[in-house]
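Chemist: Note that the protein sequences, when read in sequence, are chains L and S. Read in the numbering used here, the first sequence has 141 at position 141, and its numbers run on one by one without any break. Read in the numbering used here, the second sequence has 111 at position 111, and its numbers run on one by one without any break.
Keep in mind the hints are simulated off the structure, nothing from the lab. A couple of the hints might just be wrong.
What the hints assert, rightly or not - List of simulated lysine-lysine pairs, DSS-like, C-alpha gap at most 27 Å:
id: 1; chain 1: S; residue 1: Lys35; chain 2: S; residue 2: Lys127
id: 2; chain 1: L; residue 1: Lys22; chain 2: L; residue 2: Lys132
id: 3; chain 1: S; residue 1: Lys132; chain 2: L; residue 2: Lys127
id: 4; chain 1: L; residue 1: Lys132; chain 2: S; residue 2: Lys2
id: 5; chain 1: L; residue 1: Lys132; chain 2: S; residue 2: Lys132
id: 6; chain 1: L; residue 1: Lys35; chain 2: L; residue 2: Lys2
id: 7; chain 1: S; residue 1: Lys2; chain 2: S; residue 2: Lys22
id: 8; chain 1: S; residue 1: Lys127; chain 2: L; residue 2: Lys132
id: 9; chain 1: S; residue 1: Lys35; chain 2: S; residue 2: Lys132
id: 10; chain 1: S; residue 1: Lys132; chain 2: L; residue 2: Lys35
id: 11; chain 1: S; residue 1: Lys127; chain 2: L; residue 2: Lys127
id: 12; chain 1: L; residue 1: Lys35; chain 2: L; residue 2: Lys22
id: 13; chain 1: L; residue 1: Lys132; chain 2: L; residue 2: Lys35
id: 14; chain 1: S; residue 1: Lys2; chain 2: S; residue 2: Lys35
Stated by the list, open to error - For the chain S half of the interface with chain L, some residues (derived, Cβ under 7 Å), not all of them:
id: 15; residue: Val56
id: 16; residue: Gly60
id: 17; residue: Asp61
id: 18; residue: Ala91
id: 19; residue: Arg94
id: 20; residue: Ile107
id: 21; residue: Val122
id: 22; residue: Thr123
id: 23; residue: Glu124
id: 24; residue: Ala125
id: 25; residue: Lys127
id: 26; residue: Ala141
id: 27; residue: Thr144
id: 28; residue: Ala147
id: 29; residue: Asp149
To be verified - Residues of chain L placed beyond 12 Å of chain S at every Cβ, according to the derived structure:
id: 30; residue: Gly36
id: 31; residue: Leu44
id: 32; residue: Gly50
id: 33; residue: Asp61
id: 34; residue: Ser66
id: 35; residue: Lys127
id: 36; residue: Ala141
id: 37; residue: Leu146
id: 38; residue: Arg176
id: 39; residue: Thr189
id: 40; residue: Ala205
Think of the CB as a built atom: it goes at the ideal place given N, C-alpha and C, for glycine as much as any other residue.
2 protein chains.
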Amino acid sequence: MKLYDYFRSSAAYRVRIALNLKGVAPERAFVHLRKGDQRADEYLSLNPQGLVPSLVTDDGDVLTQSVAILEWLDETFHEPRILPRDAAGRARVRSLALAIACDIHPINNLRVLNYLTGTLGVTEAQKNGWYKYWIDVGFEALETRLARDGATGRFCHGDAPTVADICLVPQMANARRVDFDFGPYPTLTRIEAACQALPAFVAAAPSNQPDAE
Amino acid sequence: MKLYDYFRSSAAYRVRIALNLKGVAPERAFVHLRKGDQRADEYLSLNPQGLVPSLVTDDGDVLTQSVAILEWLDETFHEPRILPRDAAGRARVRSLALAIACDIHPINNLRVLNYLTGTLGVTEAQKNGWYKYWIDVGFEALETRLARDGATGRFCHGDAPTVADICLVPQMANARRVDFDFGPYPTLTRIEAACQALPAFVAAAPSNQPDAE
C-alpha cells in the first residue's frame, strides 16, 4: 500500500490517524501542495482531482477522497472499529464527520483561498475573516450537538475514537493555525484533548511527519 | 419517518432519489431556505446546522447530512442496493459521490454565495463566475475518471444507479440553472440521461415537488 500525503493537508491527516489506529503502515510519498506537485501530470494521472490524499492498495486500486478511504480502511482492517456497529450510531458518526468534511474543510481549502485572494482580490484580512467564519459556523453546530447528546462520551461517540474524532482533530489543528477563539467550544476542546492523549493521533500530527517544514 | 425537505436543495434532492429507489415514502415537511425557515428555533433544535435535509426515523433519531442519510438508507432498506457489495467498488462510488458532496456543492451553497455578495461585496457576475468555476473544476476531474475507467457502465458504477449517480444528477441540475457549458462533459451528460430515464430520479426533481415555485 502507498499513501500520497502532505503534512499540512487535513484530509491526509485524517487518513494518517486511521492508519495509525488500525496499525497499518503503508509506503509514503509526499505531494508538496504549496509547490504545486499536485498539478504535475504524474500525480493528476493518479488522482485527476489533484488533491491529497490518495491511497494505492495492494490490488493496485487508487482510492481517493479521505472519507471514502476511512470507510474502506474500516471495511478492510476490522479492528479497532472506527464506525459503530449499529446503523443509527453509524449515521450519527458519519453526520458529525461530514459536517466537517463537507461543510467546513472544503470552503477553507487552499485552492478556494487562492481564488478569493487571486481572482476576487480580497484582502488578507478578509480571507482570514472568511476562514474563521466557516469554522465558527461549523463548530457552533457541532458543539451544540455534542454537548446535548447522551451518545457523546469521552469521544464524539462513546468512549472510543471514531471517524468523527478523526475529522474533528485535523479541523481543530487548522483552527489553531489562525487566531481562533476556542472559548465557545468546551466540548470540542475536551474531545480533542482526549484524542491527543492517544499515540495514533499524536503520530499523525503535521509536525510529526517526514515532510514537515 | 419524516423528511425535512426543500425542493431546490440538491442535498435533499439526493435523499429524495434514494427514497424513491428504495420505494420508501416518508411524511414530508418543507423548510423554505430562501425565507429563512432553517434559522427558526424549531428547526435549529432539530438540526443545529440549519441545513436540509433532516430525516427523523421511526425510532425518533434525527439523521442529518445527506450522504450519511444515503448510507443509512442502504443499511436499513437493503434493496435495491445503492452501494456496491465489494469494498473496492464501495470506495470508488463513495469517492465519486464525495468529489461532488464535499468539493463542489458546499462551496456553491446558498450561505456561501450570500457571504460572497454580502460580506465580501462581490458582484453578481463574480458570484456567477465562482459558481461555474467550482462546477467546472469538479466536473473536469469526474469526467476524466468516469471516461477512462472500465468500472463505469451505463451509470457511474456499472449498470445500476448508486450513490454516485444520486449525487451527480442534482449537481447537474444546479449547473443547468446557470448558463453552463456541458460540452466538455459527454460522459456526465450520458449518465445523467440514463438516470433521467428512471422514474425514481424524475419524481425527485425539484420541479416535481409539492413546494416547488
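Chemist: Now tell me if each hint is right for this structure.
Modeler: So, going through the hints one by one against the coordinates:
Distance check on the hinted pair: S/Lys35 and S/Lys127 sit about 21 Å apart at the alpha-carbon level, within 27 Å; holds. Distance check on the hinted pair: L/Lys22 and L/Lys132 sit about 32 Å apart at the alpha-carbon level, beyond 27 Å; violated. Note on S/Lys132 and L/Lys127: the hinted pairing holds, with a Cα-Cα distance of about 21 Å set against a maximum of 27 Å. Note on L/Lys132 and S/Lys2: the hinted pairing is violated, with a Cα-Cα distance of about 34 Å set against a maximum of 27 Å.
Taking the CA atoms of L/Lys132 and S/Lys132, the gap is about 25 Å. The hint holds against a cut of 27 Å. Only pairs whose Cα atoms come within 27 Å are accepted, and L/Lys35 paired with L/Lys2 is accepted, the gap being roughly 21 Å. Between S/Lys2 and S/Lys22, the direct Cα distance comes to roughly 15 Å. Compliance with the 27 Å bound is thereby established for this hinted pair. This hinted pair checks out: S/Lys127 and L/Lys132 have alpha carbons roughly 21 Å apart, not beyond 27 Å.
Taken as a hint, the S/Lys35 and S/Lys132 pair is honoured in the structure, with Cα atoms around 25 Å apart against an allowance of 27 Å. Proximity of S/Lys132 to L/Lys35 is assessed by CA-CA distance (about 26 Å); at most 27 Å being required, the pair is judged to hold. Restraint check for S/Lys127 and L/Lys127: the C-alpha separation of about 16 Å stays at or below 27 Å, so the hint holds. A distance of roughly 31 Å separates the Cα atoms of L/Lys35 and L/Lys22; the hinted pair therefore is violated under the 27 Å criterion.
Note on L/Lys132 and L/Lys35: the hinted pairing holds, with a Cα-Cα distance of about 25 Å set against a maximum of 27 Å. Annotation: proposed proximity of S/Lys2 to S/Lys35 holds, straight-line Cα distance about 21 Å (limit 27 Å). At its closest, the beta carbon of S/Val56 sits 12 Å from a beta carbon of chain L; the interface hint therefore is violated under the 7 Å criterion. For S/Gly60, the interface hint is violated, the least distance from its beta-carbon to any beta-carbon of chain L being 10 Å, above 7 Å.
The beta carbon of S/Asp61 is positioned within 7 Å of a beta carbon in chain L (closest approach about 5 Å), and the interface hint is therefore held. Taken as an interface hint, S/Ala91 checks out: its beta carbon lies about 4 Å from the nearest beta carbon of chain L, inside 7 Å. The restraint placing S/Arg94 at the interface with chain L holds, with a minimum CB-CB distance near 4 Å, inside the 7 Å limit. Against a cut-off of 7 Å between C-beta atoms, the interface hint on S/Ile107 holds, since the closest Cβ of chain L lies about 6 Å away.
Taking 7 Å as the C-beta cut-off, the interface hint given for S/Val122 holds, the closest approach to chain L being about 6 Å. Because the beta carbon of S/Thr123 sits about 10 Å from the nearest beta carbon in chain L, more than 7 Å, this interface hint is broken. Restraint check, S/Glu124 versus chain L: the minimum CB separation of about 13 Å is more than 7 Å; hint violated. Interface restraint check: S/Ala125 against chain L, minimum CB-CB distance 11 Å, threshold 7 Å, status violated.
Checking S/Lys127 against chain L: minimum C-beta separation of about 10 Å lies over 7 Å; hint violated. The interface hint given for S/Ala141 is met, as the beta carbon of that residue sits about 4 Å from the closest beta carbon of chain L, less than 7 Å. With 7 Å as the threshold, the beta carbon of S/Thr144 comes within range of chain L, its nearest partner Cβ sitting at about 4 Å, so the hint holds. Taking 7 Å as the C-beta cut-off, the interface hint given for S/Ala147 is violated, the closest approach to chain L being about 10 Å.
Interface restraint check for S/Asp149: the shortest CB-CB distance to chain L comes to about 10 Å, outside 7 Å, so the restraint is violated. Every beta carbon of chain S lies more than 12 Å from that of L/Gly36, the smallest distance being close to 15 Å; the non-interface claim holds. At roughly 8 Å from the closest C-beta of chain S, the C-beta of L/Leu44 falls inside 12 Å, breaking its exclusion from the interface. Not every C-beta of chain S lies more than 12 Å from that of L/Gly50, the closest at about 7 Å, which undercuts listing it as non-interface.
Under the 12 Å C-beta cut-off, the non-interface status given to L/Asp61 relative to chain S is violated; the minimum distance is some 5 Å. Remark: the non-interface label on L/Ser66 conflicts with the geometry, its nearest Cβ contact in chain S lying 8 Å away (cut-off 12 Å). Here L/Lys127 does not stay apart from chain S, with its beta-carbon only about 10 Å from theirs, under the 12 Å limit. With a minimum CB-CB distance of about 4 Å to chain S, L/Ala141 fails to clear the 12 Å threshold, and the non-interface call is violated.
Annotated as non-interface, L/Leu146 brings its C-beta within 12 Å of a C-beta of chain S; the closest such distance is 10 Å. With a cut of 12 Å on Cβ distances, L/Arg176 stays outside the contact zone with chain S, its closest approach being about 22 Å. Distance check for L/Thr189 against chain S: the nearest CB is about 18 Å away, which clears 12 Å, and the non-interface claim stands. Distance check on L/Ala205: its Cβ is at least 22 Å (rounded) from any Cβ of chain S, clearing the 12 Å threshold; non-interface status holds.
Taken one by one, the earlier hints fail for this structure at numbers 2, 4, 12, 15, 16, 22, 23, 24, 25, 28, 29, 31, 32, 33, 34, 35, 36, 37, listed in ascending order.
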